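**Student:** As a plain string of letters, each chain reads:
Protein chains: 2
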Amino acid sequence: MENWITRLFDIRYPIIQAGMIWCSGWKLAAAVSNAGGLGLIGSASMNPEILEEHIRKCRAATNKPFGVNVPLMFSYTEEIMKVLIREKIKIVFTSAGNPSLWTPRLKEEGMTVVHVVASLKSARKCAESGVDAIVAEGFEAGGHNGREETTTMTLIPLIRKSVSLPLIAAGGIATGRSMLAAFALGAEGVQMGTRFVMTEESSAHPGFKKRILESKDGDTTLMIKKLAPVRLLRNRFSEAIGQMEAKGASAGELAEFLGKGRAMRGMFEGDLEEGELEIGQVSALLDVIRPAGAVVEEIMKEFNEAKNELTAL
Amino acid sequence: MENWITRLFDIRYPIIQAGMIWCSGWKLAAAVSNAGGLGLIGSASMNPEILEEHIRKCRAATNKPFGVNVPLMFSYTEEIMKVLIREKIKIVFTSAGNPSLWTPRLKEEGMTVVHVVASLKSARKCAESGVDAIVAEGFEAGGHNGREETTTMTLIPLIRKSVSLPLIAAGGIATGRSMLAAFALGAEGVQMGTRFVMTEESSAHPGFKKRILESKDGDTTLMIKKLAPVRLLRNRFSEAIGQMEAKGASAGELAEFLGKGRAMRGMFEGDLEEGELEIGQVSALLDVIRPAGAVVEEIMKEFNEAKNELTAL
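Taken in order, these protein sequences are the chains called A and B.
According to this note's numbering, the first sequence is numbered sequentially starting from 1129.
According to this note's numbering, the second sequence is numbered sequentially starting from 1129.
No lab work stands behind these hints: they were computed from the structure.
Note that the structure is predicted; figures quoted are calculated from it, not measured.
Treat the hints with care, since some could be wrong.
To be verified - Here are a few chain A residues that face chain B, going by a calculated C-beta distance under 8 Å:
#  : residue
1  : Ser1247
2  : Leu1248
3  : Ser1250
4  : Phe1267
5  : Glu1268
6  : Met1281
7  : Pro1285
8  : Arg1305
9  : Ser1306
10 : Arg1362
11 : Gly1370
12 : Ala1379
13 : Leu1413
14 : Ile1417
15 : Lys1435
16 : Leu1441
Note that CB positions come from ideal geometry on N, CA and C, so glycine has one too.
Using the sequences and the accompanying hints, generate a full structural model.
**Tutor:** Below, the structure written as structure tokens:
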């Protein structure tokens, strides 16, 4: 299968593994890239030294293309970008910020730049900023989300209609069938986060993975909208947040209750009650933990089977 | 095109026009049924006498199958059901309630019964209650929604995996492409509300239709969750609700502010600032008002074109 996305990244399948806080280090990224997809190192939970180490280990583990995801909301973005330039990283996914901030500089270095958006307005800004492709992420996605709450089903056709850049769909996509649905809506590639959390190579805590296995629909909620919206798996911490929000807690009160290191505590250290557990709605659908390479193969197999079923309609 | 859904209702295309409050009387239902889809009269904004009139006019306007949608949350449901039984209505879509309440009685009368759900749990209840098909409606849908906030992209595969009943996808679906996406996810039919509001035959106020033409992504929000969640188009009324909710307003305070007749005032009478404007997220994608029959034809044309494109991948 060859298309706009496979050519852009020089990969075999248009499947991107999302760069995720605390869950996607070099092991996961290398495994996905080795299987023919595009692996991304999630830099948001790394300081520059740790990131450098992950990049070097990833290079040792694969000779295929891989990339790094950089949220633009942190104070040390400058330091992170210096690492990427020094290490001659070829593919960067930026998110949670304005694409015009870094795109020109990264393009000067010869990088392929992709930006993550949650609205048509941001997608248009991407086109103006000269990015090479867009990830459009729906309300159902895990982690930090857009304020518009537009779901993948609406967002993809909306952007496809007005923006002529390669389009990668994200949010609610975890299988070959949902990948096919995203293609029907007008995307040329998919980015999956939750599905790759549930692999042997992801650095999510085993207790967090087990909790996801047991989760059902309605167990995640988009919360903390007054501060920075994030989709959380229900636990003691999220319920406390919910109670504060129902009573009209302010952004400041929420920030104080959140404190520091909640995400590390939940997703990496496995404190399943007091930690922050960021995950997509599609977690309700997942009931197995597999090697990442097998996941890529399974997705493509299902994609092709479902395509043949549709053709026969 | 023949499948589980077309055979169940004896229709040409597996496209159902949602039964909507204030927007779907006999004119719209008859037009959709005449075009080969399934038209539904929305009984929620009708008293028994008005409903009877709409059923008779619909029968005069089409000899094709049509149905009636009945939300089970109102006190006069009993009276509405008596009308359906007396008029020998063949197809009933129930929503907003427990499917075990009315399904056995309606099945005794020989009716085909479909129930609308927003979660896997409710879908399982449908199977136990003996309904003939399920409408699974995602978070992005207009009108009253589920509390789980599960989007169409996640909900359809989740229900398809565990429940073996004909499955109709709703929420975020307005075109042939999104219909194809729903089929890729495992549905055999689609229900569209917003798309059919934007037809010449819908009884939505022309000012409301015009406002939808101008709307963009992020202009609808799921609100009033403490009372009964509903997706609203942004206006002075919704902003007031938003401010109350941010301050932690109680269900009682919200009910008092809502008062009576807000939906009629907005959607039917055209008070675009103080009325309640219920519409789906996909409103952002729509930029034309057409006859309902032409809409059905266009959807099927696009569905087939998109299917051929996917096949060529």
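**Student:** All hints, please: hold or fail.
**Tutor:** Outcome of the hint check:
1. Given the 8 Å rule on beta carbons, the hint for serine 1247 of chain A holds: about 6 Å separates it from the nearest Cβ of chain B.
2. Hint on leucine 1248 of chain A holds. Least Cβ distance to chain B is approximately 5 Å, under the 8 Å limit.
3. Checking serine 1250 of chain A against chain B: minimum C-beta separation of about 10 Å lies over 8 Å; hint violated.
4. Hint status for phenylalanine 1267 of chain A: holds, given a least beta-carbon distance of 6 Å to chain B, under 8 Å.
5. Given the 8 Å rule on beta carbons, the hint for glutamate 1268 of chain A holds: about 4 Å separates it from the nearest Cβ of chain B.
6. A least Cβ separation of about 3 Å between methionine 1281 of chain A and chain B falls short of the 8 Å threshold, and the interface hint therefore holds.
7. Given hint, proline 1285 of chain A at the interface with chain B, holds; its Cβ is 6 Å from that chain's nearest Cβ, closer than 8 Å.
8. Nearest Cβ of chain B to the Cβ of arginine 1305 of chain A: about 6 Å, under the 8 Å cut. The hint holds.
9. Residue-level restraint check for serine 1306 of chain A holds (minimum Cβ-Cβ distance to chain B is 6 Å; threshold 8 Å).
10. The interface hint given for arginine 1362 of chain A is violated, since its Cβ lies 11 Å from the closest Cβ of chain B, which is over the 8 Å cut-off.
11. About 11 Å separates the beta-carbon of glycine 1370 of chain A from the nearest beta-carbon of chain B, more than 8 Å, and the hint is not met.
12. Hint status for alanine 1379 of chain A relative to chain B: violated, with the closest Cβ pair at about 10 Å, above 8 Å.
13. Here the hint on leucine 1413 of chain A is kept, as its CB sits about 5 Å from the closest CB of chain B, short of 8 Å.
14. Given the 8 Å rule on beta carbons, the hint for isoleucine 1417 of chain A is violated: about 18 Å separates it from the nearest Cβ of chain B.
15. Of the supplied interface hints, the one on lysine 1435 of chain A holds, with its beta-carbon coming within about 6 Å of a beta-carbon of chain B, less than 8 Å.
16. This hint holds: leucine 1441 of chain A has a C-beta 7 Å from the nearest C-beta of chain B, less than the 8 Å allowed.
Checked against the numbered hints above, the structure breaks hints 3, 10, 11, 12, 14 and satisfies the rest.
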